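Student: Listed below, chain by chain, are the residues.
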Amino acid sequence: MKKVSFIVLTAMFLVFLIGFTGQTMAAESSIVVVVDSPPRMMNPHGSDADSNLSVMANFFDGLMQRKGSDGTLEPALALRYEHPDLLTWTFYLRKGVTFHNGNSFTAEDVKFSFERLSDPKVSEFINTGKNISSIDVIDEYTVSITTKDPTPWFANNMHQVYMMDKESTESRTVGEVQQVPIGTGAYKFLEWVKGSYLKMVANEEYWEGAPPIKNVELRPITEASTRFAALVSGKAEIVSGVPVELYEKIVQNPKLDVISMPARRSIFLSLGNKPEDPWSDIRVRKAMYMAINEDEIIEKVMRGHAFPASQIPDPPTIGYNEGIKRLPYDPEMSKKLLKEAGYENGFEITLTGPNDRYIQDEQIAEAVVRYLAKVGIKATLDVKPKAIFFPEVFEGKLDFYLIGWFDGTFDMGRTFFKLIHTRDKEKGFGSLNGANFSNLDVDSLLQATASIVNQDARKAVLQYINKLATAENIACIPLHYQEDIYAIQKGKGIKFQPRPDRWIVFKEISK
Amino acid sequence: MIEKFSKSKIIYHYLHDLSAIIGSLLLVLSILSAIFAPMLVPQNPYDLEKVSLEHFLTPPAWMEGGSAQFPLGTDDQGRCVLSTIIYGFRTSLIVGFGVVIVAGIFGVIIGLFAGYYGGILDAVSMRLADIFFSFSTTLIAILMLGLFKQRGVLIVIVAICIADWVKYARTMRGSVLEVKEEAYIIAAKATGANDLRILSKHLFPNAIPPIFVILAVDLAVAIMLEATLSFLGVGVPLTEPSLGMMIAIGKNYIYAGMWWLVLFPAAALFLLVIGINLFADWLREELNPRIER
Numbered sequence: 001m002k003k004v005s006f007i008v009l010t011a012m013f014l015v016f017l018i019g020f021t022g023q024t025m026a027a028e029s030s031i032v033v034v035v036d037s038p039p040r041m042m043n044p045h046g047s048d049a050d051s052n053l054s055v056m057a058n059f060f061d062g063l064m065q066r067k068g069s070d071g072t073l074e075p076a077l078a079l080r081y082e083h084p085d086l087l088t089w090t091f092y093l094r095k096g097v098t099f100h101n102g103n104s105f106t107a108e109d110v111k112f113s114f115e116r117l118s119d120p121k122v123s124e125f126i127n128t129g130k131n132i133s134s135i136d137v138i139d140e141y142t143v144s145i146t147t148k149d150p151t152p153w154f155a156n157n158m159h160q161v162y163m164m165d166k167e168s169t170e171s172r173t174v175g176e177v178q179q180v181p182i183g184t185g186a187y188k189f190l191e192w193v194k195g196s197y198l199k200m201v202a203n204e205e206y207w208e209g210a211p212p213i214k215n216v217e218l219r220p221i222t223e224a225s226t227r228f229a230a231l232v233s234g235k236a237e238i239v240s241g242v243p244v245e246l247y248e249k250i251v252q253n254p255k256l257d258v259i260s261m262p263a264r265r266s267i268f269l270s271l272g273n274k275p276e277d278p279w280s281d282i283r284v285r286k287a288m289y290m291a292i293n294e295d296e297i298i299e300k301v302m303r304g305h306a307f308p309a310s311q312i313p314d315p316p317t318i319g320y321n322e323g324i325k326r327l328p329y330d331p332e333m334s335k336k337l338l339k340e341a342g343y344e345n346g347f348e349i350t351l352t353g354p355n356d357r358y359i360q361d362e363q364i365a366e367a368v369v370r371y372l373a374k375v376g377i378k379a380t381l382d383v384k385p386k387a388i389f390f391p392e393v394f395e396g397k398l399d400f401y402l403i404g405w406f407d408g409t410f411d412m413g414r415t416f417f418k419l420i421h422t423r424d425k426e427k428g429f430g431s432l433n434g435a436n437f438s439n440l441d442v443d444s445l446l447q448a449t450a451s452i453v454n455q456d457a458r459k460a461v462l463q464y465i466n467k468l469a470t471a472e473n474i475a476c477i478p479l480h481y482q483e484d485i486y487a488i489q490k491g492k493g494i495k496f497q498p499r500p501d502r503w504i505v506f507k508e509i510s511k
Numbered sequence: 512m513i514e515k516f517s518k519s520k521i522i523y524h525y526l527h528d529l530s531a532i533i534g535s536l537l538l539v540l541s542i543l544s545a546i547f548a549p550m551l552v553p554q555n556p557y558d559l560e561k562v563s564l565e566h567f568l569t570p571p572a573w574m575e576g577g578s579a580q581f582p583l584g585t586d587d588q589g590r591c592v593l594s595t596i597i598y599g600f601r602t603s604l605i606v607g608f609g610v611v612i613v614a615g616i617f618g619v620i621i622g623l624f625a626g627y628y629g630g631i632l633d634a635v636s637m638r639l640a641d642i643f644f645s646f647s648t649t650l651i652a653i654l655m656l657g658l659f660k661q662r663g664v665l666i667v668i669v670a671i672c673i674a675d676w677v678k679y680a681r682t683m684r685g686s687v688l689e690v691k692e693e694a695y696i697i698a699a700k701a702t703g704a705n706d707l708r709i710l711s712k713h714l715f716p717n718a719i720p721p722i723f724v725i726l727a728v729d730l731a732v733a734i735m736l737e738a739t740l741s742f743l744g745v746g747v748p749l750t751e752p753s754l755g756m757m758i759a760i761g762k763n764y765i766y767a768g769m770w771w772l773v774l775f776p777a778a779a780l781f782l783l784v785i786g787i788n789l790f791a792d793w794l795r796e797e798l799n800p801r802i803e804r
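Listed in order, the protein sequences are those of chains A and B.
The numbers in the first sequence follow this note's numbering, run straight up by one, and end at 511.
The numbers in the second sequence follow this note's numbering, run straight up by one, and end at 804.
For the record, the hints were derived by calculation from the structure and aren't laboratory data.
Computed from a predicted model, the values in this text were never measured in an experiment.
Just so it is clear, CB atoms sit at the ideal spot from N, CA and C, and this is done for glycine as well.
Below, a sample of chain A positions facing chain B; criterion: calculated Cβ distance under 8 Å:
1) Lys-249
2) Glu-366
3) Ala-367
Each computed EDC-like pair below joins lysine to aspartate or glutamate, with the alpha-carbon atoms no more than 16 Å apart:
4) A:Lys-374 x B:Glu-560
5) A:Lys-335 x A:Asp-281
6) A:Lys-384 x B:Glu-751
7) A:Lys-495 x A:Asp-257
8) B:Lys-712 x B:Glu-693
9) B:Lys-762 x A:Glu-223
10) A:Lys-286 x A:Glu-344
11) A:Lys-511 x A:Asp-257
12) A:Lys-111 x A:Glu-170
13) A:Lys-339 x A:Asp-281
14) A:Lys-378 x B:Glu-560
15) B:Lys-660 x A:Glu-392
16) A:Lys-335 x B:Glu-560
17) A:Lys-111 x A:Asp-139
18) A:Lys-95 x A:Glu-205
19) A:Lys-325 x A:Asp-295
20) A:Lys-374 x B:Glu-565
21) A:Lys-374 x B:Asp-558
22) A:Lys-378 x B:Asp-558
Next comes chain B alone, as it looks inside the complex (with noise of 0.2 Å):
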C-alpha cells in the first residue's frame, strides 16, 4: 500500500515538472542512440576501412557542397559528424557510467568502514580524501594519464575514478555517523548482531540515499571532465570518438569558417549534460525527505 502510494506520488511530481521530462527525455534519447549507434548513423566513423579522404570537410546538408550522405558535415578526415556525435556519446556515457559506478562502490565502501569503525582508519582514509580534494579533480586526471604509458576508455575511466571517489566517501562517511547514532542501530548491537549483519543490513541501506543524489550529479562532471581531457589531448586516442576530441579537432577550423566542426559536438555535449542536470535536480529533490512538496 505505502509503497504504492509514493510510487504514484513520484510519478505525480515527475509529470508535472517539465525539466524533469525535458532532462529525461535527452538522457533517455542519448542513451539509446548510444546503445543503437551501429543501426543509427550513416557511416560508421571508426571503421578505418568506410571513412575516406574523399569526402573531407564537407558542409551541413543544407549547405552548398553539402551532401545528404552527411547531414551535420564531415571534419578533415572525412568523417560524417552527426556519426561522430553519436559514436561520442558512446564514450561519453560508458565513461560517465564507469566513473559513478567504480568510484561509487570504492568510495561508499571507504565512507562506510570510516564512518562504521572510526580510529586509525577513519583518520587516514580521510586524511587522504583531504589531499584529493584540495587538487582540482582535472589537473589529478592529466597526472594520472600522464602516469599510464597507454591510452584508452578504460584508462580515462581510472584515472577520473582516482580523483573523484573522495566525493563518495565523503558523503557515505558523513551519513553513517549520523544513522551511526540511531536506536535501532544500538539496540541491534545490544542483541549482539555482529558488525557484517549491522553494516549489511541496517547501516548501509540507511545511509545511501544522499550518495543517489551525487551519482546523478556526478554523472554529467565526469561526462564533462572527459570531454575536457580529450580536448587536451590526454584523453581517448585520435581513434577513438569523442566529443571533446570533435571539438579540439574542431577549433583549427573555425578561423576558416568551418564553424560546424566546433558547433555540432559542443551543443550535443551541452544537451547531453544538460538533460542529465536537470534530472538529477529532480531526483534530488524527490530523493531528499527534508524538502516537502
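With the rest of the complex left out, here is chain A (with noise of 0.2 Å):
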C-alpha cells in the first residue's frame, strides 16, 4: 500500500514537472523590459515625449521608420514617396496592411491622422499639423500632402506621426482612444495599468512578419535604486537607463551584460543675451564658458559616460559643424575677460534646471554653480521638478538654463527654430528658447533656410548657423553628449540592439 502510494505521489509530481517545464517552454518568447519614464497614454499623437513615441512604435507605424543603431530612415507604411515642388509630398501606401481591429489601412486613414494633428485636445504635434494646408486622397493608396510652409524635413519627421484607424477612432471617445490602442504595429495592446505596467503580445499578421517576441511586458521604474533592484533580482530582462553611479556594480555582476551607446542627446547651458544683462557682453559669455571644467564633470559627475560637446547637434544631424571646438577651461582667462568686461567683483545669476530629466542633471548643475563661483560669478541654484521647469522654459521666463536636446528628424533647421530663433509667439518661432537669446542674423538666415531643399546647400547655410549662433555668439554652453546604458540579463540569449533615439522597438529583439 505504501508503495503504491509512492508511486502515485511520484508520478503526480512529474507530471507537476513537466506540465511546469511546458509552461517555462512556452513563456521562452516573452520579455520583461523596464524602463525609466513612463508613458502617459496610449493615444500616439497626445504626447511627443520620447517615452511616449517609443511605447507607441509598437502599436503603430508611422508612413516611415527609422532602423538600426544609426537610425537611416526607411519605409514603413509608405513605400516611397515623391516631392515634387517645395510644399508638395506624395506618398505611395503599402497595400494589404491591416490594423488590429481588421480595418484594412487606406489614405483615408492617413488623411484622418494628418487632419488629427491639428487638434490641440488629443495632439502635441501642432506645429506639424498647422503647417498643413491640404491632404489629397488621390487614390485609394496615394496621398499627396501639401505644406503652408517649405518644409524640407517633412518626410524626416514621419517616423514618429503614427497612423492611426480613422473608423474606430472615430466610433471611440476621446478618453477610450487614450486607454486602449488600435494601430497596424508590431504588436497589440493586451493591458495598462498606468504607472505599473503595460502588457502586448505579438500580431501575428505585421506586414512586416511577425515579430520574434510574443508576449511584452514594459515596467516603467523612475526610482534608479528601485530599477537597479529588478534587474539584480531577475525581474527584468532589459533595463534602460542604468545609473551612472551603479555602472560599476552592474559590470561586476556576472549575470549581467551592459550595452552602452554614445546618445544623440547633448546637454548644454542656454544663455539670454537681453541688452541689460551682464551676460549679454560676447567676452562674459566666453568667461562662463572657460569657466566650466566639463572634462572634470564627465570624469566625476558622469562617471566617464559622456561625450564632450561644442555643439547642439551630434555628427549625423545636418548643420553639425566640425569647425567649431570647446573654448578651454581656463578660469584665469576667464577672470581676465570679466576684469576686462567690467565684472570684476561678478555679478548675479540664477542657474535653472530639471531635477529629475536628464542623467545627473542636478548634480551637473551644481558643479557649474560652483566653477562659476570660482570665477566670482555668484548663481544661484535653482533645481526643480521637469513637470514645473519645462513650462517655464515655454514661457521664456529664464536667463540661464540647463537643457538637453537632440533632433528627431536629423535636420537642424527645425530645431534651431524652436531653440535660437528670437521669440515670436504667433509665429511659434523660439518655443523653447526659454532665456530669450536673440540674434537678428542668426533669424534672417533661419528663415532663408526653409526653402532651400537641395541637401547640399541646406547643410552649409545650417553648418554657418549653428557656427554664428554656437562659435560666435555662445547662445549656450555645450557640456557633453549622453550615454545611454542599458543592461540585459546574460545567458539567456537576448538580442538587443540599442537605438541611438533611445527607443525600444521590441520587434527588433529576439531571444
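Work from the hints to combine the two standalone chains into their complex.
Tutor: Dropping the structure here:
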C-alpha cells in the first residue's frame, strides 16, 4: 500500500514538473523590459515625449520608420514618397496592411491621422498639423500632402507621426482612445495599468512578418535604485536608463551584460542675451564658458559616461559643424575676460534646471554653480521637477538654464527655429528659447533655409548658422553628449541593439 | 526659600535621571556644534569656492582610499560629510526652534483668547483647528511649500508653523478653560480688574505650564518634519545643508556600496532627535504637578 501511494505521488510530481516545464517553454518568447519613464497615454499623437513615442512605436507605424543603430529612414506604411515641388509631398502606401481590429489601412486613414494632428485636445504635434494646408486622397493608396511653408525635413519626421484607424478612432471617445491603442504595429495591446505595467502580444499578421518575441511586459520604474533592484533580482530582462553611479556594480555582476551607446542627446546651458544683462557682453559669455571644467564633469559627475560636446547637434545631424571647437577650460582667462568687461567683482545670475530629466542633471548644475563661483560669478541654483521646469522654458521666463536636446529629424533647421530663433509667439518661433536669446542675423538666415531643399546647400547654410550662433555668439554653453546605458540578463540569448533615439522597439529584439 | 528648595529638587532629580543627562548632553552638544560650526568643521561645505569635485565620494578616513581631511568621507559633489552634518544641525535647529517659537506664540495667543472669550471667536478658531488636525502635518507642509515659489529655511519654518500651531492653540485653550473657573480669577473680576490685566497677570502665567511640555516634544517633531520635507525634495534648496537632503542624496548610492552617505547623517539625525526626546520626557515629569516623585 505504501509503495503504491509512493508511486502515485511520484507520478503526480512528475506530471506537475512536466506541466511546469511546458509552461516555461511557452513563456520563452516573452520578455520583461524596465524603462525609466512611464508612457503618459496610449494616444499616439497625445505626447511628443520620447518615453511615449517609444512605446507607441510598438502599437503603431508611421509612413516611414527609423531602423538600426544609425537610425536610417526606411519605408514603413508608405513604400516611397515623392517631393515634386517645395510644398508637396506624395506618399504611395503599402497595400494589404490591416489594423489590429481587422480594418484595412487606406489613404482615408492617412488623411484622418494628419488632420487629427492639429487638434490641440488630442495632439502635441500641433506645429506639424498646422503647417499642412491640404491633404488630397488621389486614390485608395496614394496621398498628397501640401504644406503651408516649405518644410524640407517633412519626410524625416514621418517615423514619429503614427497612422490611426479612422473608423475606430471616430467611433470611440477620446478617453477610450487614450486607454486602448488600435494601430497597425507589430504588437497588439493587452493590458495597461498606468504607472505600473503595460502588456502586449505579437501581431501575427504584421506586414513585416510576425515579431520573434510573443509577449512583452513593459515596466516603468522611475526610481533608479528600484530599477537596479529589479535587474539584479532577475525580474527584468532588459533595463534602460542604468544609473551611472551603479555602473561599476552592474559590470561586476556576472549575470548581467552592459551595453552602452553614445546618445544623440546633448546637454547644454542656454544663456539669454537681453542687452541690460551683464551676460549679453560676449566677453562675459566666453568667461562663463571657460570657467566650466567639462572634463571634470564628465569624469566625476558622469563617471566617464559622456562625451564632450562643442555644439548642440550630434555628428549625423545636418548642420553639425566639425569646425566648431570647445573653448578650453581656463579660469584665469575667464577672470581676465570678466575684468575687461567690467565685472571684476562678478554679478548675480540664476541657473535653472530640471532634477528628474537628464542623467545627473541636478549634480551637473550644482557643479556648474561652483565653477562659476570660483571665477567670482554668484550663481544661484534653482533646480526643480521637469513638470515645473519645462513650462518655465516655454514661457521664456529664464536667464540661464540646463537643458538637453536631440533632433529626431536629423535636421537642425527645425531645432534652431525652436531653440535660438528670437521668440515670436504668433509664428511659433523660439518656443523653446526660454532665455530669450536673440540675434537678427541668425533669424534672417534661418528663415532663408526654409526654402532650401538641396541637401548640400542646406548643410552649408545650417553649418554656417550653427557657427554663427554657437561659436561666435555663444547662444549656449555646450557641455556633453550623454551615453545611454542598458543592462540585460546574460545567458538568455537576448539579442538587443540600442537605437540612437533611445526608443525600445520590441520587434527588433529577439531571444 | 521655596524657590531655592524647588530648584535644588530639580537638580537632584536631574542628576539621578540618566536618560535626562544623556538627552541634555546630546542636545547641548548639537547646539554648541551648530553655533560654532564654522570654527569646528574641516571644510565649509557650502562655500562654493572651497568644495571641489576633485575629492568626490572619498570613503571615511579609516577605509582604503580615505583621507584624514574628510573623517567621514565625502558626497558626490566632494562635500565633507562630517562638515555637512554639523552645518545640517544648524538648519535642523534653526527650523526646530523657529517653528516652536513662532507656532508657539501664535497658538498660545489664539488659545488664550478663544478660551477666555469663548463664543464666536472660540467656535471659528477651534473649527479651523479641527480642519488642520484632520490632515497629516506633513501633507499640510507639502501643500504650503507647493504654494510658495521660493525655497529656503524661512519658507520651511512658515510652512511647518501653518501645520503646527494647532497643537498649541488646543492645549492652551483647554488649560485656560480650566484656570478660568478658579476662585482667584473670579475674585480678580469682582475687584473690577480689566481683561488685559486678568489675561496677562492671572490667566496666562497659570495656564502656560502644559505648553512647555509640548514645546520640548514639538522641537523634535519639527526637526523630523524638516528632514522629511528636505528628503522629499520640497524642503530647503539644494544649496543649503540639511540632514534630510543628505539622506536623499545618499540613498542613490546605497547599492553602489557607498553607505557613508546615508548612515552618518541618519545616525546624526537619530541622536539629535532622541536627545531632545529624552530631555523632553524628563521635563514633562518634572513640570507635571500630578506626578509625585
